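**Q** The whole structure should be built from the sequences, with the hints applied where relevant.
Residue numbers (the numbering used here), protein chains in the order written: chain A, 38 to 152; chain B, 2 to 114.
In case anyone wonders, no lab produced these hints; they're calculated from the structure. All of these numbers come straight from a predicted model, not from anything done at the bench. We put the CB at the ideal spot given by N, CA and C, even for glycine. Among the clues, some could well be false.
Claimed, not checked - BS3-like cross-link-like pairs, simulated, lysine-lysine; straight-line CA separation at most 30 Å:
1. A:44 / B:72
2. B:50 / A:102
3. A:44 / B:79
4. B:50 / B:79
Stated by the list, open to error - Per the computed footprint, the stretches of chain B lying under chain A, defined by three or more beta-carbons under 8 Å from a beta-carbon of chain A, are:
5. 45 to 51
6. 105 to 111
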Amino acid sequence: SAVISQKPSRDICQRGTSLTIQCQVDSQVTMMFWYRQQPGQSLTLIATANQGSEATYESGFVIDKFPISRPNLTFSTLTVSNMSPEDSSIYLCSVTSGGAGETQYFGPGTRLLVL
Amino acid sequence: AQSVSQHNHHVILSEAASLELGCNYSYGGTVNLFWYVQYPGQHLQLLLKYFSGDPLVKGIKGFEAEFIKSKFSFNLRKPSVQWSDTAEYFCAVNALIRGKLIFGQGTELSVKP
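**A** In structure tokens form, the structure reads like this:
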């Protein structure tokens, strides 16, 4: 399986600011995904990061709030914009080398606290 | 809407006890099924998966799961748990027509030494 790293691993931010989270994979992958895990809850898919085109967002998530980039097959970023305390979560990226139904492998996550 | 239900939020067992964690999903079409585990302080790891074939699948660390299509279930089992199995366990389902992975709420397993 691919080795996935995320930066930063954790951060404390002030409301109204933005944070960009990076996801780096040690090999080329077909699909990259961004998830949110709010305190005490399960993982929720934010969007699918598509290489060379705009990300595909799930219901309840919008590009203005969570802009995503994917400049190549090994890297993606997620920005959490204009943050509020409700954005305090763990943000995870995952990857798959196959199609959308294939096994996803997860990064270590970024733990975000918004004050 | 497609959903995944894990019946137990927190399970506490003594070492050597048997484990069964329930998982049910609501989608009627073709699915791929997964169990992930998150040990304390570690990231989410794949425990086992089912795509097709033998509905009884074996994963790492002695875990197995059985897919029962008629019951829309994919329960996780282990005959004898160890203290090191203390972790949170997530069931996830991918409805292939949508290509989206849906997670259950997770079950926290605590194993007493």
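**Q** None of the hints should be skipped; say for each whether it holds.
**A** Against the structure, the hints come out as follows:
1. A:44 / B:72: 41 Å, violated
2. B:50 / A:102: 33 Å, violated
3. A:44 / B:79: 35 Å, violated
4. B:50 / B:79: 15 Å, holds
5. 45 to 51: Holds, because 4 residues of the segment 45 to 51 of chain B bring their Cβ atoms closer than 8 Å to Cβ atoms of chain A.
6. 105 to 111: holds (count 3)
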